[in-house]
Amino acid sequence: MKMGLYPKIAADGIRKNSRLYIPYFGVSLLMVSLFYIMHLLGFSDVGKNMTGSSSMGMILQLGTYVMAIFGMIFLFYAQSALIKGRLKEFGLYNVLGLNKRNIGRIVFYETLISWFVAVTGGIVAGVGLSKLAELGFARIIQTEINYKFNFSIGSVVTTIIVYTVIFFFIYLNALRHVRFASSIRMLNADKAGEVPPRANWFVGILGVVILLTGYAIAIRIKQPLSALIWFFFAVILIIIGTYLVLIAGSVLLCRILQKNKSYYYKTNHFVSVSSMAYRMKRNGASLASICILLTMVFVMLSSTFALYANREDTLRNHYPRELNCYARSNGFDEEHRTLPGKLEEALNDKAKELGIDTKNSFSLTNYSFSGYYENGKLDIDANPLMMNNIDFDNVVQVYFFDIKDYNKLTGSGEVLSEGQVLAGVEGNLTLGDRIAIGDVDFDIVKSINPKDSALKHAIVSAVVTTVFVVVDDLENVASLYADKSDPTGEKLLAWEWDYYFDTGVSTEKQKELTSSLITHLREEVKTNTSGKYKIYCDCREEQRNDFVKTFGGLFFLGILLSVIFLVSCVLIIYYKQISEGFEDQARFGIMQKVGMTKENIKKSINSQMLTVFLIPIIFACMHLAMVLPIVNKLLLLFGHNNIQILLAASGVCVLVCGLFYALVYKLTSNAYYKIVS
Amino acid sequence: MSLLEVSGVQKIYKGRRGGATVEALKNVNFTVEKGEYVAIMGESGSGKTTLLNILAALVKPTVGTVVLDGMNLEKIKESAMAQFRRDNLGYVFQDFNLLDTFTLEDNIYLPLVLAGKKHKEMKERLDYLAPALGIKDLLKKYPYEVSGGQKQRAAVARALITNPKIILADEPTGALDSKSSDELLELISQVNQMGQTVLMVTHSTKAASHASRVMFIKDGIIFHQIYKGDSTDVQMYQKISDTLNLLAQGGDIK
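Residue numbers (this note's numbering), protein chains in the order written: chain F, 1 to 677; chain S, 1 to 254.
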């Protein structure tokens, strides 16, 4: 045979199946171009110049790998759908005298053409779009960029290599399909007799149970630490549950409806209910996939968007004033009574010396340690890591504050006597009117809300349940725990003094002041104290940049991944509609002959399609609602603590994706009607 | 007045983009009386399927009228057509045309459900029909679970359940083996004896020999017709094959 034959057959096959191939090319092209952009920003100098900080670069680099993995998964899926549509044609070739090896060569050329279109088109599109992406990215992370056109040969080469490997695997997968199909089976591939779906009670109910268990876990988790551990478990349960419910549960539901004679034998229900059962059996898996993808998009977009949108709040919570200085040490020391005053004075003097007035200042001293809370008693000797039945909700960090600090910061005039405390909890605990901390009993005379007061700034991040205890005399109370040590042998008590103030000077001056204050204070503690103190000063303006870049990078990654997921959704929907269209063609004809009007048929099919189409998005919204609490907990790990913004962000995401989804529905159902009529 | 009156029916198919036109039916005239069992015979391409489609109001004739029980098919609005078909015609197809998403029972109910009948009424009608058609035990099965003959019997039940004025059968034995064919033809004869008007299109001599009248269609016109009268099926079979032989030789029997 002539060499030119196989490429010709391959090209012909693609042209004749353009309805299937064009979307495939589009998606693979997009995958390649996004991979190139991601790589450009994450690995090349272009990105490094913009990001500067390494945590950002890491996020983008990680994103590049994720992009490649998802690209591979989705292209594999799309290609399997394609090859199934081609089997009949291959079967015919087989009967006409081409053996499997010859067909393998056709498949090779087809893959080669797809690879060529995807890689060249993808890189051209990627290079073209990269400036746009760069600008968008720079805007998100609020950096200045030049308007020079950037191009990285390294990124191009990597993109080519990665996608060549991916397409090689795709080729192997296609060969596998051809190899294991007999020619008769190939010829009849699309006519394979369809067994009516049987209601599988066991699987259906199991699916509902698994799904509900996943939900229950997601809702019940109260603490970020446990959230991290249980989150993946809940996610896996929800995914499995979704698949089972959509595959078996929905058939079960149709069967139950069919049992109800007076409901079932109605013009409007008769055809839809019975063909729904078929459709769900066929498409349950792809519907579940769509649903999972949508949920991922919702969660990813809303969480990264919330993080990004709330960055200023998070920053200000972390750094309440322009300059933030801390002194820390372990253990109890009499010196702590006087040290804050000394440091404050030294700090103010230094600032004055540099010509800067400190304004809006406040200071806060606390002791803290962790323990395990149970039945009104906080066990400080227990080591949670060594315990068997640990409930992370009960791992507690206690902060002790002095009543004088509290009164000053809140402007109240509380009076406490020895053994009396004000107490509040951030997290999932309720205190009684007494609390035993170690061997000491305290009377809780009043409960306070830690969120309302400046006390919250003392807490770096509320990862575990936090108990705030305001005592009559901080040093006296601390001395009671002076001898205690934690399970690693370190002193139990951690002492911290925070001093926050504004300066009203430029960012540059603030930065200078920060570094001179650090030097000065370190000198001060070395000469005038026991010298065991660690001194830190942070300038908020300096930190802002880091916050914006980290959250912006995550948000950007969220957007790109969402694009990939949504596009894959579209592809699944499109292939589903097309295959259903061919299926319904014959059914359409029969119903008409039996006496159904065209409008009737259209209406019935339309309502079925709409239902089937709405199922994934309804399930996805349900999933989102159920996992939002847990997502909120996880965001605490990033210092984000604003549920309103998260809710608003998810609302916006659902709306935007919903509109996009509706648009896709409209477009793909047009393709469907074209086939049917 | 006859149940079905076909007069001066002509059907021309226009070729695409000004291609050659095909005259499928030239000038067809015949009538069918109530309770008759008429077979229409002809070779492939003789126009019999076109004729049947016109009778079923699936295709409109280019010229001519079809009147069923006093109703002119041409005058019926497109929107009322489906309902007309549902109420007056029962259709039996060569390839059964059962929906694979339904059990046989639901397939049979389909036209009644579309007509908005109550389940009780549907069940009564089926309870009456099913034993006569020998499908009583098959009702809960799906089309893929039963044989071709059984499928066709279910299709006959679907055609009968609306009590149609006329049953139109398009090569009903075309996809069946000879035993199933015999059984089905016997069944249709029984149905006819109960008073049901049947019009069958076929090119099987055996199938046609069951009919009380056979019309031969060739080159778009009714070429000849023979009545069974008091002949047996075997005699009728002989008559038909003689006629077919003559037709094939191009002889003029008029």
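To be clear, the hints were calculated from the coordinates, so they are not data collected in a lab.
Careful, some of the hints might be misleading.
What the hints assert, rightly or not - To give a feel for the contact side, a few chain F residues facing chain S, derived at Cβ under 7 Å:
#: 1; residue: PHE151
#: 2; residue: SER275
#: 3; residue: VAL594
The beta carbon of each residue, even a glycine, is placed where N, CA and C say it ideally should be.
Structure-based check of each hint:
no.: 1; hint: PHE151; in the structure: 51 Å, violated
no.: 2; hint: SER275; in the structure: 5 Å, holds
no.: 3; hint: VAL594; in the structure: 6 Å, holds
The structure fails to meet hint 1 from the earlier list, while all remaining hints are met.
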